[in-house]
Each structure stands twice: as C-alpha cells, then as structure tokens.
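Number of protein chains: 2
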Amino acid sequence: MAGVAPTPLLKDELDIVIPTIRNLDFLEMWRPFFQPYHLIIVQDGDPSKTIKVPEGFDYELYNRNDINRILGPKASCISFKDSACRCFGYMVSKKKYVFTIDDDCFVAKDPSGKEINALKQHIENLLSPSTPYFFNTLYDPYREGADFVRGYPFSLREGAPTAVSHGLWLNIPDYDAPTQLVKPRERNTRYVDAVMTIPKGTLFPMCGMNLAFDRELIGPAMYFGLMGDGQPIGRYDDMWAGWCTKVICDHLGLGIKTGLPYIWHSKASNPFVNLKKEYKGIYWQEEIIPFFQQVVLPKECTTVQQCYLELSKQVKAKLSGVDPYFTKLADAMVTWIEAWDELNPSGAAAAAAPAKPNNGKA
Amino acid sequence: MAGVAPTPLLKDELDIVIPTIRNLDFLEMWRPFFQPYHLIIVQDGDPSKTIKVPEGFDYELYNRNDINRILGPKASCISFKDSACRCFGYMVSKKKYVFTIDDDCFVAKDPSGKEINALKQHIENLLSPSTPYFFNTLYDPYREGADFVRGYPFSLREGAPTAVSHGLWLNIPDYDAPTQLVKPRERNTRYVDAVMTIPKGTLFPMCGMNLAFDRELIGPAMYFGLMGDGQPIGRYDDMWAGWCTKVICDHLGLGIKTGLPYIWHSKASNPFVNLKKEYKGIYWQEEIIPFFQQVVLPKECTTVQQCYLELSKQVKAKLSGVDPYFTKLADAMVTWIEAWDELNPSGAAAAAAPAKPNNGKA
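Residue numbers (the UniProt record's numbering), protein chains in the order written: chain X, 1 to 362; chain F, 1 to 362.
Hints are not guaranteed to be accurate.
Copies of one chain are not kept apart here, so a pair can be met inside one copy or by any two copies together.
Stated by the list, open to error - Taking lysine-lysine and the DSSO-like style, the derived pairs with C-alpha atoms no more than 30 angstroms apart in a straight line are:
no., residue 1, residue 2
1, Lys299, Lys318
2, Lys11, Lys316
3, Lys267, Lys183
4, Lys95, Lys81
5, Lys114, Lys81
6, Lys267, Lys299
7, Lys313, Lys120
8, Lys183, Lys120
9, Lys318, Lys109
10, Lys277, Lys114
11, Lys114, Lys74
The hints are simulated quantities; they were obtained by calculation from the structure and are not laboratory data.
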C-alpha cells in the first residue's frame, strides 16, 4: 500500500466497523479516505458465504461462526440477521476510536461539489470538546470561524470530552416505515453546515449508519441490543444504543455531537419489511422514552460498565411490564458487559492478544 | 401606501419594534419587506432630538418623554441610554406578534445570492410548532423536505406552540467584549441552513438584535431589565430576557427556535466600551446561570405574569447576595408586570385605547 502524505488522522487509533451481508464494492468509492485505516467487517447471515473485500484494504472479518467461537455462550447477546451484529466489532476492536458505516452509504458532496471525507470530520468532532451544558447559538464554538457568543458563561467554555459523533445522510433520509410509506419520494437535499452538541438531559434518535465514538470513553454503552432473528423487533438497535449512551454520557459528563459529516445514503429499505420490524418498537418507544427521560444513575456509578449494569437493572424493573422482551434484553445487556470485559481485560487493551479473526491483512 | 400582492403574512397582527438614537436610514434596505407592517420606534437618549423615518412607513414613535408620560412612576422599569428600552415597544404594541431588530442590521443574502426576507422566516418559525422534548437530528421537522426521523416518538410529533424565534447574524458575530478583543477580525461567514428548537431544560444566550416572538404567549416575560444610565451593567438586557423567557417557556410548555433567518450585522460595537458595560455581567453570570438552571416554578403559575412574578421573588431571594443590583432588578420586574397589565388590561387587548404615541401614520 502506497504511503499517503500527510499521515491520516488517528491512523493507528481508529477501526472502521462495517456490518454486511454482501461484497464490499462500496469501499471502492471510499478508498481515498478509508484505505489507510483498519477495517473490522462483521458478516451477518450465512457464514458459509464469502464476502469479497476490494484489494488493498487492511481488514479482519468475523462471521457468525467466529462470533460463536470467540464468545461461546455469551454470543447470545450478539444479534443475528440484523445489522445490530455490528457491535461485536466494537467489542473486538483494540483501538481508541471506532467509526461505523453501512454498506449502502457512499461519499457525499458538499454544496461546492467537493467530496466529503466523512471520517476526517468525525475525527475532528471527536477530538474537540462538546458543550452539553449551555446552547451556543453559533453551533460548534470550536470550529474555525466560530466561537462562543455573548452571554455564554466563561466557566463552561472548556466544554466536555466528546464521546460520540453522529453524522447525517443526504439523499435517503433515515425515516421510519410509516413516514417512508407516506413520503416515498422525499429526499434530503439540505446540507446544513453545522455540528452541534445535544444538550444534557435531551434524548435524540441515534442512527448507526454513519457514527463514530471514543471506545475508551463510551464503548461498553454502544450495545445494539437484541434484534433480528428470533427477536420481536428490528431497526431499534441504534436507537437503543443511543438512548443508553445518552443517559450515560449525561451522567459521566461526556458530550455527544450531531450534524456534519454527511454521507450519501443510496437506497431506501423496503417500508413494508421495515414496518414489520418496527411496529412493536413504535408502540414500545412511547414508554421507553419516558423511561430514559427519568433515568437517574447513582453517583457511585463512575465507569461506563457500572452505569450500564445499573441501567440494565432499571430496564428489567421498569420495562419488563411493557413486554417480556425487556427482561431478555436486560439480561443480554449484562452478558454484553461480561463479554466486553472478557475481551477488554484492562482499560488500555492495546497489548491484549487479538481475537483471532477469520482473515488477515489483505 | 400601495397594496402588495400577495398580502404579506400577518400584516395586521405584527409590529416591528426598533430602538434607536439615529435616523432610520437602514429602513431603506428593508423597505420591500417591512413597509407593509406597522413600526414601533423607541427613541433612546435625548428626547428633543428628531429621528427621521424614511417616507412611506407606517409608524408610531416614543421618546423618553412619552415613556414617562404614559407610564408615570412605573417608567422607572424602562432602561434609558440602552437598547433595553426597546421592551417598552413590546408593552405598547397591540398586536399578537412582535419582531425586533437593531438599526445596524441589514438584509443578508443566502448562499445563492438571494436577499433574505428575515421577517417572513421569523413568521414561518412562529407559525409552526417547536420540538422541545426530543431532539430531531434533521432539525426542524416541519420545514419543507424534512420530517421526524426514525426513532422520534409519534406522541411528540405534534410539537409545542412556538413562542420565540431567535434569528442569527452574518458578518459581525454577537461576541462579548473579551472575544471581540481577542478576535477583532473574526466574521461570521457560515450560513447554516437550519432552524431548531432549543431543548427543554437548556438555556441559551438570546440576542435581541433579530428576534421575534408571540406577545400573547410570552410577551410579559420579554422584559429587558435595568441597563444603561444609572445601572451597573449593560449588554445583558437580551440575555436576561432570554433566561427568564426560557425557564417560563419550559414551564408553560412553549417552544423557542433558533437559527434562520440571518440578518447582516454591519458594525462591531467598541470592545472597550463593551467591556466596561459587560464586566460585572461576565462575573455575575457565573452565578446567574446556575440560578436559572435550577429555577422551579410552582404548578400554580399558569400565566406568564404569574411565572414572572414568582421568578422576581426567586431573583430577589437568591441573587441579591450576588449584588444589591438584583434587589432593584427584582423590584423592576414587578413594576414591569404592573405596567404591562395596565397597558394590556385583557389578554386580547386589540380593542384597548392606543397609548397615544408622539407621531402617527407617515
């Protein structure tokens, strides 16, 4: 692989996690931006199928057999036949940062026609602080050409460490099935040139399509739940992770940014299939959201793991009445943390043995 | 005045309030957008000075003598030699909506080069709901081409009534004196094509330069405090109004939007003069912000007036220790409400006698 100058940001500190069921031709378009980085491919569905990865990418690939082999009985917490399986990639990564992207997402262009290096923008978002305690009307005050406006308390201008960078989508917006059905032709053409912090105490719908985070700060909260095969819902994997992550970030004093970068989302998924996956979630979320809005984590919870285990208890206590599914989910949350800690024995796991993937360097 | 087709939005339901000490030549540039509306000009400083208003505008003008005559002893709550005097215009307006703008603000252009009708955008913001309870990652879901994204609870999609529309500024950003001094050449050139709701529970720095609100929903909270002549601070008038307004909107279930429209802010005020006005506020706000962050209004407060009087009590009780100024300010908050109610005897004050301005229709 030819050297690139200047060295790409965080080249040795970031993994790109891609869940997929098909050949990864979409990487061709991302080559100029992704090739310097290491990829973790989580193959969903039939493990006997061979996924082709374009030449020249450095990757490891895990299929269901690998997941079962590596996690043993704990593999039950990793979803099957649902892109929620991607969170296995977060767990086996040994890097400080993770960027995850769907294989139907392509390089978008900014209004000047320039191709957007989404990963670079995510890294910039993660490496600069967030401002969760007070809203800045000129958006991200750390961006070039911007600052804190008059009336912004000086004591809050240091900001908080950024744990999550949530990117957006041009073309096909991330709508639920009912909205897809009602507005089949709506396309997102509005490029909003902003990055902002989601304020403390406010929940948001986190989409997993174009997402980056700091594994060391928030990794164990990025569990994408039980979805797909054998489960009563789908398409709530990233939402679940987003709600859990937000309340834990709020508790731990970490920030979540949303806005730039955009990717080009190429194809709308089938709204009828989506409706089948979503309908219970659409109903349940009317109780899930108030639950997360009132969650209080005790002061004693000072690590993400502690927060997450406490959250699993509250989920079991308060959401099991909505549906028995939440008892199972609460148990899976505990299993997830056990598996995470097993694969990441210390906070700084850089020296740990690799998890023996299916495939090596290309 | 020649008729305009189509009829401008809310032509008979909105007043434009302008505080000034100079001839209003800036209105020439706004003529295509403002001429159909009624102006309320609040003349600050020497009342013997004549302010020239360009031909063809329909306006009423109040100078200090008018304010003293109309309010009597209660005129003490209206600031002198500070643009905070503008809130007198909110009080004497008989319309449902108010738009206020500074006389150093001009028509901005969008990235396509088209002149921005700021007033029209404010009206659109005010006439569509806000979403204070959950963050929508594609920003204002009521805008054309946008909607609520996957994971947004359906029960919250009706939104909340919008009480305030906070517009932004291209060219000279609204920075405090220290930031002006540090970055004298910084200009805001970033056009962010978004309108969003400030989430419930989050404070923001409300700038009075380019601001619209629903008088019926929130008018009595839009008091710009005691600033300028005889007072220890300046340049915190709009901030004060913003903090009070936000906690009251949160309590009453009303929304505040920020973002579009932009105006072109032409000239930076003198940072040395600003520093003199601001320095106590910069210090005090470190205690004021935590105060507003913890304010709880009792359920019994169901009108803006009740909320505001309760807030004045809490200001007196909790901020007077910061400086005796806050005792005076708390008293002025009460006087303001008394004066407001005197001039606006019923909620629907359309039939009330006009306040006898200095000048009539042009």
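Verification of the supplied hints:
1. Taking the shortest Cα distances, Lys299 and Lys318 sit within 30 angstroms of each other both inside one copy (20 angstroms) and across copies (27 angstroms).
2. In this assembly of identical chains, the alpha carbons of Lys11 and Lys316 never lie at most 30 angstroms apart, being 40 angstroms within a copy and 56 angstroms across copies at closest.
3. When the C-alpha separation of Lys267 and Lys183 is checked against a cutoff of 30 angstroms, the pair qualifies only within one copy, where the shortest distance is 15 angstroms, while the shortest distance between copies is 45 angstroms.
4. In this assembly of identical chains, Lys95 and Lys81 lie within 30 angstroms of each other by CA distance solely inside one copy; the values are 26 angstroms within and 59 angstroms between copies.
5. When the C-alpha separation of Lys114 and Lys81 is checked against a cutoff of 30 angstroms, the pair qualifies neither within a copy, at 36 angstroms, nor between copies, at 49 angstroms.
6. Neither within a single protomer nor between protomers do Lys267 and Lys299 lie at most 30 angstroms apart by alpha-carbon distance, with minima of 44 angstroms and 48 angstroms respectively.
7. In this assembly of identical chains, the alpha carbons of Lys313 and Lys120 never lie at most 30 angstroms apart, being 38 angstroms within a copy and 50 angstroms across copies at closest.
8. For the identical chains of this complex, Lys183 and Lys120 are inter-copy neighbours only, at 26 angstroms across copies versus 32 angstroms inside a copy, given an alpha-carbon limit of 30 angstroms.
9. For the identical chains of this complex, Lys318 and Lys109 are neighbours neither inside a copy (44 angstroms) nor across copies (52 angstroms), given an alpha-carbon limit of 30 angstroms.
10. Neither within a single protomer nor between protomers do Lys277 and Lys114 lie at most 30 angstroms apart by alpha-carbon distance, with minima of 37 angstroms and 44 angstroms respectively.
11. Neither within a single protomer nor between protomers do Lys114 and Lys74 lie at most 30 angstroms apart by alpha-carbon distance, with minima of 45 angstroms and 59 angstroms respectively.
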